[in-house]
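> Under the UniProt record's numbering, the final residue of the sequence shown carries the number 158; numbering is consecutive throughout.
Honestly, I wouldn't trust all of these hints.
[Said to hold, decoys possible] In silico DSS-like pairs for lysine-lysine, Cα to Cα no more than 30 Å straight-line:
#1 K102 with K122
#2 K48 with K16
#3 K86 with K75
#4 K137 with K123
#5 K136 with K86
#6 K98 with K75
#7 K109 with K75
If you are wondering where the hints come from, they were derived from the structure by calculation, not from laboratory data. Being a predicted model, the structure only gives us computed values, none of them experimental.
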Amino acid sequence: MVELTLDNLKINFGAKKKRKRVGRGNASGHGTYSGRGLKGQRARSGGKKGLKLRGLKQLLKNKPKIGGFKSQKGKFVIINLDQLEKNFSANEIVNPAKIIAKGLTLEIKNGIKILGQGKLTKKLNVLANAFSESAKKAIMEVGGQAQLVSNKLLRNKK
1 MVELTLDNLK INFGAKKKRK RVGRGNASGH GTYSGRGLKG QRARSGGKKG LKLRGLKQLL
61 KNKPKIGGFK SQKGKFVIIN LDQLEKNFSA NEIVNPAKII AKGLTLEIKN GIKILGQGKL
121 TKKLNVLANA FSESAKKAIM EVGGQAQLVS NKLLRNKK
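Starting from the given sequences, assemble the full structure and let the hints guide the process.
Laid out in structure tokens, this is it:
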């Protein structure tokens, strides 16, 4: 096996592509019009304006014009009743710190909303930013409390 040294390194074939020499006779394949076509603004010197990627024009035209704006209001972390049922014991206080500790979410940026999917059989004291009507009703029926709290109390403190 040949030892690899700086004097016997070779560049891979095709790694250095030779530039296209245009306007050097018709035998070269790029003579006369030099790949510019016949007449027109694009054929003239200094006559290239607008979209540089000519082949992509149709792709760009086919894309829809998406209007509107991205909402500045953050989205709630969604927690369902069946998750509360599975992860919390009776008479327990459900707050953001405990929700993160139990692994129901990694972080709470904009608050928590409790939704009514699933069935709740345990009495829980739930602190959240928002409740769906069905979730609030289900928590109250079991004898628990659904308390609304401000976003400042729910923010992660790092």
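> Which numbered hints does this structure break?
Violated: none.
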